[in-house]
Amino acid sequence: MKECMDNVRKNVPLVHNITNYVTVNDVANILLACGGSPIMSDEPEDVEDITSVCGGLNINIGTLHQSSIEGMLLAGKKANELGHPVLLDPVGAGASRLRTDTALRIMKEIKLTVIRGNISEIKTLAYGSGTTKGVDADVADAVTEETLNDAIAFVKNFARKTSCIIAVTGAIDLVSDGEICYVIRNGRPEMGKITGTGCQLSGMMTAYVTANQEKPLEAAASAVCIMGLAGEIGWSRMQEGDGNATYRNRIIDAVYQMTGEDLERGAKYEVR
Amino acid sequence: MKECMDNVRKNVPLVHNITNYVTVNDVANILLACGGSPIMSDEPEDVEDITSVCGGLNINIGTLHQSSIEGMLLAGKKANELGHPVLLDPVGAGASRLRTDTALRIMKEIKLTVIRGNISEIKTLAYGSGTTKGVDADVADAVTEETLNDAIAFVKNFARKTSCIIAVTGAIDLVSDGEICYVIRNGRPEMGKITGTGCQLSGMMTAYVTANQEKPLEAAASAVCIMGLAGEIGWSRMQEGDGNATYRNRIIDAVYQMTGEDLERGAKYEVR
Amino acid sequence: MKECMDNVRKNVPLVHNITNYVTVNDVANILLACGGSPIMSDEPEDVEDITSVCGGLNINIGTLHQSSIEGMLLAGKKANELGHPVLLDPVGAGASRLRTDTALRIMKEIKLTVIRGNISEIKTLAYGSGTTKGVDADVADAVTEETLNDAIAFVKNFARKTSCIIAVTGAIDLVSDGEICYVIRNGRPEMGKITGTGCQLSGMMTAYVTANQEKPLEAAASAVCIMGLAGEIGWSRMQEGDGNATYRNRIIDAVYQMTGEDLERGAKYEVR
Chain G
1 MKECMDNVRK NVPLVHNITN YVTVNDVANI LLACGGSPIM SDEPEDVEDI TSVCGGLNIN
61 IGTLHQSSIE GMLLAGKKAN ELGHPVLLDP VGAGASRLRT DTALRIMKEI KLTVIRGNIS
121 EIKTLAYGSG TTKGVDADVA DAVTEETLND AIAFVKNFAR KTSCIIAVTG AIDLVSDGEI
181 CYVIRNGRPE MGKITGTGCQ LSGMMTAYVT ANQEKPLEAA ASAVCIMGLA GEIGWSRMQE
241 GDGNATYRNR IIDAVYQMTG EDLERGAKYE VR
Chain Y
1 MKECMDNVRK NVPLVHNITN YVTVNDVANI LLACGGSPIM SDEPEDVEDI TSVCGGLNIN
61 IGTLHQSSIE GMLLAGKKAN ELGHPVLLDP VGAGASRLRT DTALRIMKEI KLTVIRGNIS
121 EIKTLAYGSG TTKGVDADVA DAVTEETLND AIAFVKNFAR KTSCIIAVTG AIDLVSDGEI
181 CYVIRNGRPE MGKITGTGCQ LSGMMTAYVT ANQEKPLEAA ASAVCIMGLA GEIGWSRMQE
241 GDGNATYRNR IIDAVYQMTG EDLERGAKYE VR
Chain C
1 MKECMDNVRK NVPLVHNITN YVTVNDVANI LLACGGSPIM SDEPEDVEDI TSVCGGLNIN
61 IGTLHQSSIE GMLLAGKKAN ELGHPVLLDP VGAGASRLRT DTALRIMKEI KLTVIRGNIS
121 EIKTLAYGSG TTKGVDADVA DAVTEETLND AIAFVKNFAR KTSCIIAVTG AIDLVSDGEI
181 CYVIRNGRPE MGKITGTGCQ LSGMMTAYVT ANQEKPLEAA ASAVCIMGLA GEIGWSRMQE
241 GDGNATYRNR IIDAVYQMTG EDLERGAKYE VR
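Residue numbers (the UniProt record's numbering), protein chains in the order written: chain G, 1 to 272; chain Y, 1 to 272; chain C, 1 to 272.
Among the hints, erroneous ones may be present.
Pairs involving identical chains hold if they fit within one copy or between any two copies, as the list cannot separate such chains.
Cut-off 25 Å, straight-line C-alpha distance, at most; resulting in silico cross-link-like pairs (DSS-like, lysine-lysine) [as the list claims (entries may be wrong)]:
id, residue 1, residue 2
1, Lys10, Lys108
2, Lys77, Lys268
3, Lys156, Lys10
4, Lys193, Lys10
5, Lys78, Lys156
6, Lys2, Lys108
7, Lys2, Lys193
8, Lys268, Lys193
9, Lys161, Lys10
10, Lys161, Lys193
Note that these hints are calculated values from the structure, not bench results.
Chain G on its own, in the form it takes in the complex (with noise of 0.2 Å):
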């Protein structure tokens, strides 16, 4: 893994981003802090020149609006013909039919190099409707150490169907290209207190594909551990009275700190 953090800090991969304006100041900033460098740009008739001049696309349906939508698809198609690595967070899939329809489009039209969501999202797409609540996972979805054979399975399974690498995060995350799959158990539940730890791991992970194309699984893998390892890290500083809003900032802070070192020493990860 520590390989993969020194290529994304060398190449300094250019990240073309179509997210969602809650939360972009932070993905901008934690692409900045891991050694990749972010641009933003929605508008139909910008987006393929702006991809052209990156190296990845990151593609976020948090906040959809009708043009962004063909934004996304020209900008995909555009990242495709490139053969620039594309990746797909489908925000609130499941929360309502446009987000639930829009992801699905976007598979479909788009070769895909990943797909990160929380398990409810993901099963959303897996199974074509779901039972999302808002933007964070449904508490029946969720990966635990009773329900982990059966969720690797359902990983494994939907990465061969779709050719993409799946990472499925929340308390145990799992990361798979169809083959194998990483376990992660980084990360801290307070992270969930903070809107936004889901959008700043695939900006950086995108950035962390992009600069590791012949070994995409393990860069995916790495960014969960980094983003797992900094909520670790940010947490140990966090001083009395420090609440989600510094927490937020101290989690950048570690991504910015971070070494190869502190990598391999904290990921807790198997490989299964």
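Given chain G, put chains Y and C in place with the hints provided.
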């Protein structure tokens, strides 16, 4: 007020926000800090589904677009059908015709639970035109100890006329259902040096009235006290060299950490 | 420069910002930090009214939409009618045809007071096409001690040709009205690891030229010195483990706390 807080933390109200892109991230984080859960969506094709999975709706006109106005009206009508509380934050009403007209149209077409704004915005809604300068209240309108009696009468009267809870925030805050009026003296003037403390309060207030539907007036007044008290606690944690950016984080942190006992002890209000 | 700062704090210039949704919150907070007052609006139907209640207009093309382009042109023309200063920040000009064309169109249709960008963006505007990579300056274009004389000549010449103040920011900053050129050496390279320090500077610079209309060149140069000095002060307050998220807050905090004496003592510039 402690019971209102307990209900928010126990019920985790899911709040649909159609809000401006300036302060949206802080609105999401303060909703998480107080124990609620935020989701943002303004696209007309998306809003009815999203509001249907939520418990309350927060409409903020801080940065209007033609399509988001349509989204506000569709979401508001759906929320009314479902019996969800709806809050209106008429940001900048009086500063432009579009803002004034949109706020008045929303008041006419949607049954609102609460309207929360500064005194200039609320006067604009009451009299149909205003003196708002930008998004801050006009000095001539300010609620002071000298003008307090008149201001209380104005707020009570407007609450009766609209059948809404009216929350006017400033140096002294007034929250009334037309019968009684909470007069609240929490907060610090330095909060005006942070963008979006009003927007944040509107988001949190929506969570409060959603989780406390049998006592919306007390819930709205509780949210005002919490925001002001968080401003006081956050200020007490400021260190040499800290400014408005750090203060912003400290306020959200203080909401995150506040207990019911802190609130009961720190709330400064009288009922008139 | 102290007098320019005093004028901003005394006059509290209200600045209308049509800016990107990535860094808009930081732009609002730095405007408040420096003593100005921000309002954001990009909807064509809203912008003329909003600009009319403001004193200056900040146009930033970081995330263009068809409707916001129309808003920029309408607001710019109204600001010209009213004699308000107008600043253009051509974010990403050279990276896409839409950005380049929009910046050139704004230059043609609106009388601008200041254009502020990185060297690649400004060269794109001067030569009609560019080598901008994303939103960061191309290394080949960088203003260094070796290329300084040529860069000064270029900036002076472009300022004369456009009858605007031209502010090129980077490791060395240049601000010229065509006659003289401020060469400024404040700032730190780590500022490039925060999204939006350029956008923030543009917002603050608009406040400065608005409150100092009889000396816009000195006002623009003052804003550049303040931003760079805030970067130095903010950096001096960084603690072990702090990264770019905390640094972002510290810079805005430093603007908030800076006195005229701090500025006079810390500003590092020569006039050429």
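A quick look at each hint next to the structure:
no.: 1; hint: Lys10 <-> Lys108; verdict: neither (33 Å within a copy, 40 Å between copies)
no.: 2; hint: Lys77 <-> Lys268; verdict: neither (36 Å within a copy, 48 Å between copies)
no.: 3; hint: Lys156 <-> Lys10; verdict: neither (31 Å within a copy, 36 Å between copies)
no.: 4; hint: Lys193 <-> Lys10; verdict: between (33 Å within a copy, 15 Å between copies)
no.: 5; hint: Lys78 <-> Lys156; verdict: neither (28 Å within a copy, 39 Å between copies)
no.: 6; hint: Lys2 <-> Lys108; verdict: neither (34 Å within a copy, 50 Å between copies)
no.: 7; hint: Lys2 <-> Lys193; verdict: between (29 Å within a copy, 21 Å between copies)
no.: 8; hint: Lys268 <-> Lys193; verdict: within (22 Å within a copy, 28 Å between copies)
no.: 9; hint: Lys161 <-> Lys10; verdict: neither (34 Å within a copy, 40 Å between copies)
no.: 10; hint: Lys161 <-> Lys193; verdict: neither (33 Å within a copy, 39 Å between copies)
Of the numbered hints listed earlier, those contradicted by the structure are 1, 2, 3, 5, 6, 9 and 10.
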